[in-house]
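2 protein chains.
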Amino acid sequence: MRARVFVRLKRGILDPQGTAVKRALEGLGYQEVRELRVGKVLELELEAAEPVQARGRLEEMCRRLLANPVTEDFQVEIVDEGRRPNLP
Amino acid sequence: MRARVFVRLKRGILDPQGTAVKRALEGLGYQEVRELRVGKVLELELEAAEPVQARGRLEEMCRRLLANPVTEDFQVEIVDEGRRPNLP
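Residue numbers (the numbering used here), protein chains in the order written: chain A, 1324 to 1411; chain B, 1324 to 1411.
Source of the hints: derived by calculation from the structure; they are not laboratory data. Hints may be right or wrong, so weigh each one.
Same chains, same names: a pair is fine if it fits in one copy or spans any two.
Claimed, not checked - Derived EDC-like pairs: lysine to aspartate or glutamate, alpha-carbon spacing no greater than 16 angstroms straight-line: (1) K1345 - E1355; (2) K1345 - D1403; (3) K1333 - E1366; (4) K1363 - D1403; (5) K1345 - E1370; (6) K1345 - E1373; (7) K1345 - E1368; (8) K1345 - E1383; (9) K1333 - E1358; (10) K1363 - D1338; (11) K1363 - D1396; (12) K1333 - E1395; (13) K1333 - E1355; (14) K1333 - D1396; (15) K1345 - E1395.
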């Protein structure tokens, strides 16, 4: 089973990396960028039978290790349940 | 318009951060993680009229600034075309 975990700074938390990238883009002429925030994406390949159970385990991993609960939010996505091997 | 840009290490490139996180998860008892890679996700709010044009501009930003073409791949996703304000 393949899954993605997004870890982002919470809304109210300043994102200096995002601000720096936005300014650099403006300097290159990309004035259309109104807001930009940088987060992490973890792409996992899991040995798990049930998507519901896998999602629960992944959320537990986020709370215990992958995200900082004070400053970050997380979101778990099951990308491929591992039952359709020929899909992209 | 909202868009997401994924920037990941290319397949053949070692990901020491991913390996470290995988080992830490194993240490906490999460033996089901077969593979784990860490990438970046940039979430952007754009002033752009056309999704096709916006995608072209974003791919250009990736080539010029956001991704390292030697070690990284990128992927652009238009999340919300800005015409359906009530959808999640």
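For each hint, the structure was consulted:
1. K1345 - E1355: Classified as within; 10 angstroms inside a copy, 38 angstroms across copies.
2. K1345 - D1403: For K1345 and D1403, the Cα distance exceeds 16 angstroms both inside one copy (33 angstroms) and across copies (20 angstroms).
3. K1333 - E1366: between (21 angstroms within a copy, 13 angstroms between copies)
4. K1363 - D1403: neither (20 angstroms within a copy, 20 angstroms between copies)
5. K1345 - E1370: between (38 angstroms within a copy, 13 angstroms between copies)
6. K1345 - E1373: Neither. Shortest intra-copy (40 angstroms) and inter-copy (20 angstroms) distances fail the 16 angstroms Cα cut-off.
7. K1345 - E1368: between (32 angstroms within a copy, 11 angstroms between copies)
8. K1345 - E1383: between (33 angstroms within a copy, 14 angstroms between copies)
9. K1333 - E1358: Cα proximity of K1333 and E1358: one copy only (14 angstroms, versus 27 angstroms across).
10. K1363 - D1338: The answer is both: 13 angstroms in one copy and 14 angstroms across copies each meet 16 angstroms.
11. K1363 - D1396: Close inside one copy (11 angstroms) and across copies (15 angstroms); limit 16 angstroms.
12. K1333 - E1395: This pair counts as within: shortest intra-copy Cα distance 5 angstroms, inter-copy 26 angstroms.
13. K1333 - E1355: neither (23 angstroms within a copy, 28 angstroms between copies)
14. K1333 - D1396: Answer is within; shortest intra-copy Cα gap is 6 angstroms, inter-copy 26 angstroms.
15. K1345 - E1395: neither (20 angstroms within a copy, 20 angstroms between copies)
Violated hints, listed in ascending order, are 2, 4, 6, 13, 15; each of the other numbered hints is respected by the structure.
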